[in-house]
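Residue numbers (my numbering), protein chains in the order written: chain A, 1 to 351; chain B, 352 to 629; chain C, 630 to 966.
Take every hint as true, because none was put in to throw you off.
Cut-off 30 Å, straight-line C-alpha distance, at most; resulting in silico cross-link-like pairs (DSS-like, lysine-lysine):
| hint | chain 1 | residue 1 | chain 2 | residue 2 |
| --- | --- | --- | --- | --- |
| 1 | C | K834 | A | K238 |
| 2 | C | K698 | C | K713 |
| 3 | B | K364 | C | K698 |
| 4 | C | K833 | A | K238 |
Residues from chain A that keep clear of chain C, each with C-beta distances beyond 12 Å, as calculated:
| hint | residue |
| --- | --- |
| 5 | P86 |
| 6 | I318 |
| 7 | T332 |
Which chain B residues stay away from chain A? Per the calculated CB distances, all over 12 Å, these:
| hint | residue |
| --- | --- |
| 8 | W359 |
| 9 | A397 |
| 10 | L484 |
| 11 | L516 |
| 12 | L592 |
For the record, the hints were derived by calculation from the structure and aren't laboratory data.
Beta carbons: idealized from backbone N, C-alpha and C, even for Gly.
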Amino acid sequence: MSGALLSCRDVAVEFRVGGKVLRAVDGVDLDVEPATTVAVVGESGCGKSTLARAIMGLGPVSRGSIKLEGKELVGLTPRQLRPLRPAVQMVFQNPFGSLNPRLTVGRIVEEPLFVQGIGERASRRARVRELLEMVGLDAGSEQQFPHQFSGGQRQRIAIARALALSPKLIVCDEPVSALDVSVQAQVLNLLVRLQRDLGIAYLFISHDLSVVRHLAHRTVVMYLGRIVARSSHRSFWKAPLHPYVLALRDATPTMDVLDDAAKPATLVEGEVPSALDPPSGCRFSTRCPYVLDHCRAVYPELRAVSDVESVACHRVEIASDGRIRTPWGVETSVAERSGTRATRLEPVPAL
Amino acid sequence: MIARLGFWPRFRKSPTAVFGLGVLVAIIVLAIVGPFLYGMDPWKMATTPFQWPGDDPAHPLGSDNAGRDVLAGLIHGARVSLTIGVVAASAAVFIGVVVGAVAGYFRGFIDDALMRFTEVFQTIPHFLLVIVLVALLQPSTPIICAAIAIVSWPPVARLVRGQFLTLRQRAFVESCVVIGMSTPRIIFTQILPNCIAPIIVTGSIMVASAILIEAGLSFLGLGDPNSMSWGAMIGFGRQSLRTAWYLALIPGLAIQLTVLAISFVSEGLNDALNPRLG
Amino acid sequence: MNASASPALLEVDHLVVESVAGAAPVRLVDDVSFRLDVGGTLAIVGESGCGKSLTALSLLRILPEPGVKLSEGSIRLSGEDLAKASEARMCQVRNGAISMIFQDPIASLNPVQTVGQQIVEAIRSHRDVGRREARQQAIELLRSVHLPDPETRIDYYPHRLSGGMCQRVMIAMALASHPRILIADEPTTALDTTVQAQVMALLKKAQRDTGTAVVLITHNLAVAADAAEDVAVMYAGRIVESGPVRQVFRTPMHPYTRGLLAAIPTGEETGEGGEIPRLVEIPGTVPRPGSLGAGCAFAPRCPRRQARCTEERPELESHGEPGRAAACFYPYAGTLQ
Numbered sequence: 001m002s003g004a005l006l007s008c009r010d011v012a013v014e015f016r017v018g019g020k021v022l023r024a025v026d027g028v029d030l031d032v033e034p035a036t037t038v039a040v041v042g043e044s045g046c047g048k049s050t051l052a053r054a055i056m057g058l059g060p061v062s063r064g065s066i067k068l069e070g071k072e073l074v075g076l077t078p079r080q081l082r083p084l085r086p087a088v089q090m091v092f093q094n095p096f097g098s099l100n101p102r103l104t105v106g107r108i109v110e111e112p113l114f115v116q117g118i119g120e121r122a123s124r125r126a127r128v129r130e131l132l133e134m135v136g137l138d139a140g141s142e143q144q145f146p147h148q149f150s151g152g153q154r155q156r157i158a159i160a161r162a163l164a165l166s167p168k169l170i171v172c173d174e175p176v177s178a179l180d181v182s183v184q185a186q187v188l189n190l191l192v193r194l195q196r197d198l199g200i201a202y203l204f205i206s207h208d209l210s211v212v213r214h215l216a217h218r219t220v221v222m223y224l225g226r227i228v229a230r231s232s233h234r235s236f237w238k239a240p241l242h243p244y245v246l247a248l249r250d251a252t253p254t255m256d257v258l259d260d261a262a263k264p265a266t267l268v269e270g271e272v273p274s275a276l277d278p279p280s281g282c283r284f285s286t287r288c289p290y291v292l293d294h295c296r297a298v299y300p301e302l303r304a305v306s307d308v309e310s311v312a313c314h315r316v317e318i319a320s321d322g323r324i325r326t327p328w329g330v331e332t333s334v335a336e337r338s339g340t341r342a343t344r345l346e347p348v349p350a351l
Numbered sequence: 352m353i354a355r356l357g358f359w360p361r362f363r364k365s366p367t368a369v370f371g372l373g374v375l376v377a378i379i380v381l382a383i384v385g386p387f388l389y390g391m392d393p394w395k396m397a398t399t400p401f402q403w404p405g406d407d408p409a410h411p412l413g414s415d416n417a418g419r420d421v422l423a424g425l426i427h428g429a430r431v432s433l434t435i436g437v438v439a440a441s442a443a444v445f446i447g448v449v450v451g452a453v454a455g456y457f458r459g460f461i462d463d464a465l466m467r468f469t470e471v472f473q474t475i476p477h478f479l480l481v482i483v484l485v486a487l488l489q490p491s492t493p494i495i496c497a498a499i500a501i502v503s504w505p506p507v508a509r510l511v512r513g514q515f516l517t518l519r520q521r522a523f524v525e526s527c528v529v530i531g532m533s534t535p536r537i538i539f540t541q542i543l544p545n546c547i548a549p550i551i552v553t554g555s556i557m558v559a560s561a562i563l564i565e566a567g568l569s570f571l572g573l574g575d576p577n578s579m580s581w582g583a584m585i586g587f588g589r590q591s592l593r594t595a596w597y598l599a600l601i602p603g604l605a606i607q608l609t610v611l612a613i614s615f616v617s618e619g620l621n622d623a624l625n626p627r628l629g
Numbered sequence: 630m631n632a633s634a635s636p637a638l639l640e641v642d643h644l645v646v647e648s649v650a651g652a653a654p655v656r657l658v659d660d661v662s663f664r665l666d667v668g669g670t671l672a673i674v675g676e677s678g679c680g681k682s683l684t685a686l687s688l689l690r691i692l693p694e695p696g697v698k699l700s701e702g703s704i705r706l707s708g709e710d711l712a713k714a715s716e717a718r719m720c721q722v723r724n725g726a727i728s729m730i731f732q733d734p735i736a737s738l739n740p741v742q743t744v745g746q747q748i749v750e751a752i753r754s755h756r757d758v759g760r761r762e763a764r765q766q767a768i769e770l771l772r773s774v775h776l777p778d779p780e781t782r783i784d785y786y787p788h789r790l791s792g793g794m795c796q797r798v799m800i801a802m803a804l805a806s807h808p809r810i811l812i813a814d815e816p817t818t819a820l821d822t823t824v825q826a827q828v829m830a831l832l833k834k835a836q837r838d839t840g841t842a843v844v845l846i847t848h849n850l851a852v853a854a855d856a857a858e859d860v861a862v863m864y865a866g867r868i869v870e871s872g873p874v875r876q877v878f879r880t881p882m883h884p885y886t887r888g889l890l891a892a893i894p895t896g897e898e899t900g901e902g903g904e905i906p907r908l909v910e911i912p913g914t915v916p917r918p919g920s921l922g923a924g925c926a927f928a929p930r931c932p933r934r935q936a937r938c939t940e941e942r943p944e945l946e947s948h949g950e951p952g953r954a955a956a957c958f959y960p961y962a963g964t965l966q
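Model the full assembly from the supplied sequences, consistent with the hints where possible.
Structure (structure tokens):
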């Protein structure tokens, strides 16, 4: 996709553990368009955080290409990477560990500008004030220290710092997971507003389905280092085309449970297998209620169901007339799952 | 939210720390101002030997085996001990921080190599190594400081390495990598300031141990022959321990008091720099 | 709450837990009352700092003393007031009549003892059985909580087990003594999504099989909706609303409950080419313990605040809805908009 802001192709991150190879990320293709939110969802061991760190240059990349606005990032030295840094910034999960406790908030937010040699003291201070206001913190915060703020406020500070270099993409690694529900709402609203006003794209890592369903334009689901489903269609969670997506959805309690709706028949058993020793064939085969021998023998590559959706599952049948059927009762068609009108959200128009 | 008092209020809370600080300040003042107030030369044979304290008002603490004034020796000894203590400890901390920071930040092969190097120094008996070093080169104050520093730096290195290993993985350090901060800058502005507290505490304890090592050296006659140090004074009194035991006792008490005071201050620093809740 | 005539299994009345570390005592749990029936499930929900965990800990009298203490109130377990019981009696009650499981399962287990050793200890502390017999019972217990391959895993050390497996072990240990009440403090927060569902299903099944009553502490309202019959919503150390979970979450009376529910993202698109809907925010932040004024704790952030709210503290009242209660002078009624 030529217009993509971030373009990952066959990205792999491998570690040597004992004598074995741990493939934390095992061949991932991912695109993020400008001013959109791509959510990466998965459980522990799926590689979503490792992927995020690889993109940010915080972790190693064993193979593959990561291109930012067409420029290759893999293989660059830190010095070469430096001028490219402003375009992609990061917000971390833990609001209590992501700010230097010894620096004032003003210094923390100013630091990116200082390090990149932008402006001089006066203009930087002005920009810091502007950023703090943008995230909803008052001017007095500049002189205070992180420990004087609550978790939600600290995430705002972290967001202000991430915005300092006017990035085009912000990688958010579980940014609201450690926050209370009401605070989470504040931070999510802030992120959405910033996307609308500044045209920032987000790569949003999360395990929380309700948050992902709320703000993702496109959702990518990972399992044991690989993408098993990718979609920007509105029915992605309502009528899943992958058993793991179905399992995740059914495992997440929602308020709908109060409405006497039919409860899910089976909860998936077992746990995520060790990434050191992934199952042969489809990695979900050890837990999948719809597994066949073929699934254990042959790995299901990601195949396009429509122009906005791909899944990696043998059991999804796509007939020649475009009808799609699954053993878990989803019946739809390629036409229904296609096209921009049926997608989740409209991307913010490019600035 | 932690109610952060300033450093001083927290330090003041501990009576032992305040006492220790008071004693230390007194000793420092004595060392600086003493020679001017009490102008006796500690090396001059001022009076008859083996005078007990109180015998002669002109020599309040008596005289030693060569007739030298004990009080003058005490005052000059304070200067020597404190100087060597601080300089040696500072050098040890400096070496330890450099080694520990590099090992902890870069990890991998560099870490392994540096830690093996550190172990070499840790496994050789400290005092023996100091004696050997001082005996090989001539016993002057700078050499003594260097020798003490050379045996004292390993614990600092290990401490700093541990701190760096932990802090390096903190999100706020990673957020500096992400904005393009250079490695030296990260080490100096992000990580080091956050592990200063244990370094200061360890450093202060090192001053005490440096004073003790120097005292031991001087006692054995391996100290700087031009400095009248407390250890040397104890050495002079060694032969006459049964008859003129005050010669060993007085400088011995001085060393003990100083080390104790540093200990108290160190503990107070630890509590003040790492406040615990409730 | 079920306003049944029969005596409740657990009745907590006017519970006060204070922090006495500072100059003046600060109320962390402020006059909390609730009841739990035999075999019932009560969820205590709220955000961080609301006092829900402390409330749970005080039922077992395992507060972090000396800084925090239970200063007032009664905790009646079938009539016996645990707040006044001796420490020896409480030792019998803990993991006896009342068991508890915690948030971080791996940290809750002793890392230097095998799983088997810990369960056997739990079994033998309440029953007079020999070691061999206890080990057999332990294996059966592990099987009943769906721990795969219990005969082998019983000799594992905790670090070899995953979070989900450790939580199963914790549940097994907690149920070993056939407790009448099981307190679960955020039992699934540290676990993966699919494992969370398994553990919650296990808890429900265990409850059905043994008739144990459950007190579930959680910040996740959907988990409470799924697992509990009754719910108590806490804010700043006080219960602001209580009642059957379906009614409280569908037609919340207290503005805080309403605000919490509205803040949860649902992922429902708003029609064609939907813009991301704005989540309803509760303005302001949770007050620090000890900084509360005279009136309602929620008043500074409440959209329905009137003069009376800042002067008088509202008590829990049913406001005409039987079985429900809200601590508010101007509660909502009717459907959630």
